[in-house]
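Going down the list, the protein sequences come from chains R and A. Oh and the first sequence: position 283 is 283 in UniProt numbering, straight run, nothing missing. Oh and the second sequence: position 185 is 185 in UniProt numbering, straight run, nothing missing.
Take these hints with a grain of salt, some might be off.
Listed next, the stretches of chain R that the computed footprint assigns to chain A, with coverage defined by at least 3 CB atoms under 8 Å from CB atoms of chain A [to be verified]:
#1 31 to 40
#2 102 to 109
#3 156 to 164
#4 213 to 219
#5 250 to 260
No lab work stands behind these hints: they were computed from the structure. As the structure is a computational prediction, the values presented were derived from the model and not from experiment. Quick reminder that beta carbons are idealized off the backbone N, C-alpha and C, glycines included.
Number of protein chains: 2
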Amino acid sequence: MAKQKKGQKAAGGGLREQLLVPAGEVDLTTYDTRATTGFSGTKDDGKLALENLGPEVSDWQERLFAEGRTGGERSILLVLQGMDTSGKGGVIRHGAGLMDPQGLKITSFKAPTPAEKRRGFLWRIRQAVPEHGMIGIFDRSHYEDVLIARVRELVTPNVWNRRYDQINEFEAELTASGVTIVKCYLHISADEQKARLEERLSDPTKYWKYNPGDVDERKLWPDYMEAYQAAIERCNTPDAPWYVIPSDRKWYRNWAVTTILLETLKELNPEWPAADFDVETEKKRLAAT
Amino acid sequence: MAKQKKGQKAAGGGLREQLLVPAGEVDLTTYDTRATTGFSGTKDDGKLALENLGPEVSDWQERLFAEGRTGGERSILLVLQGMDTSGKGGVIRHGAGLMDPQGLKITSFKAPTPAEKRRGFLWRIRQAVPEHGMIGIFDRSHYEDVLIARVRELVTPNVWNRRYDQINEFEAELTASGVTIVKCYLHISADEQKARLEERLSDPTKYWKYNPGDVDERKLWPDYMEAYQAAIERCNTPDAPWYVIPSDRKWYRNWAVTTILLETLKELNPEWPAADFDVETEKKRLAAT
């Protein structure tokens, strides 16, 4: 499924290599939404494995944060996309929730306001790019501008068609300025979505998450799949690759995205910053107070 | 220590009542930095008690968040102030870290930039006020404008002197617009600070947290205590009260601030939003897809 093809950057082994989308044509029907690629164990094992990632991912996060506080210019941007109920919020709550919230910059993108629209679709995205040392997380993103915008015909085909290249240029610009981009498509089946929407309608503590518009969007499922395929295919660049995360099992999804984040942090390998002062001198100054 | 005085709002019982600063003159030397007010148990008990707050505080946070997503206009703003090493970051990491990062808006205030300064000291603070349903956390705040600004004479006495009233007006405005303000002063002793700075100088993974300027600030300890006393005394209003958190024991500090947040959430008592659609109709519409 995730065979490396020529021209696609190797992801450094590990889970990323297994979930990376190979360059070339994308057919989402060939991706199993219930897979647990790279993990052998039960649901309970998976939940425990996620918890156990906490200390390590949090330690690496602090290193990156420290680097950013001392002149480093790197950051990570995790882009989360997926159909309603695919679990973008769940990944943030259970995966990102393992980390220090001080080092996270989470942005949830809703329909753009008129003020945002007139500045071009990438303007508000740029505002949300993580600062040095931070892990930025996008709950939806500029990809909505080639997903809902395309499916709902919010702009002409000519406009959305040009956006793929605009996105690639934008992401290349970010990469060049020190942002490591990780794009995860949370892949669920239409049946699983139905079950999750039913759950929301059966539990009064979840009514607020339900919107009648969700059913209307659901009816356009095939159109969305086509739009996702195009987005993944046309914006799957070596520097800003797409991962397809099987997401019918929530525990696997949370573990997988967090593992990908951890692998990304380790590859960046931020080191504890050296002192930019003389330690012995400072010890003496402090002792004298 | 935290006896209720006339004119000061009752904090609804619990830990808040015990740590609330009574109206009137403030003498920080009468507040024990090593106290464990309201908690009986060991350090390990305290750490466990904090962990155990997780599910409850996180549930209430989600209710507030849900309320904000469905038209509610309330939010919480936790202001953290304290000398270097007092643990503002620690409270966020270990206390706020128990919650869903999606519902947190954390802002760390550094020295203002020229662009910020020319807009008045409250401008950048207003930018960071939490959205409806969010818990905002300020790591330092507008209080620096009557703390370091006063101690370091960054502005004339006439200017900082007027700021207390300006802050009170600003906070009253926020309160009126639905923001519940909780101000915590993390109270440590000068000796404890010395020990923590020594620790930073002895551990290469902590060098990045150390700044030679910290020792210079430390030399002004009495001036800072005076400035803190004035700030707490003059800006201790019924709607935006100050709590003094004994902070020489990190575990107690984290538990205490988190408990205060929990009590605040419970007092707001946000309820799960009712459905603004007909549940049965939606179930049928969904079933038909």
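How the hints compare with the structure:
1. Evaluation of the coverage hint for the region 31 to 40 of chain R: breached, as 0 residues show C-beta separations to chain A shorter than 8 Å, against a requirement of three.
2. For the region 102 to 109 of chain R, the stated coverage by chain A is satisfied: 4 residues place a CB nearer than 8 Å to a CB of that chain, which reaches the threshold of 3.
3. Judged by the Cβ-Cβ criterion of 8 Å, the region 156 to 164 of chain R is not covered by chain A as claimed, because only 0 of its residues qualify and three are needed.
4. Counting residues of the region 213 to 219 of chain R whose CB falls under 8 Å from any CB of chain A gives 3; the rule of at least 3 is met.
5. Given as covered by chain A, the region 250 to 260 of chain R fails the check, having 0 residues with a CB less than 8 Å from a CB of that chain where 3 are the minimum.
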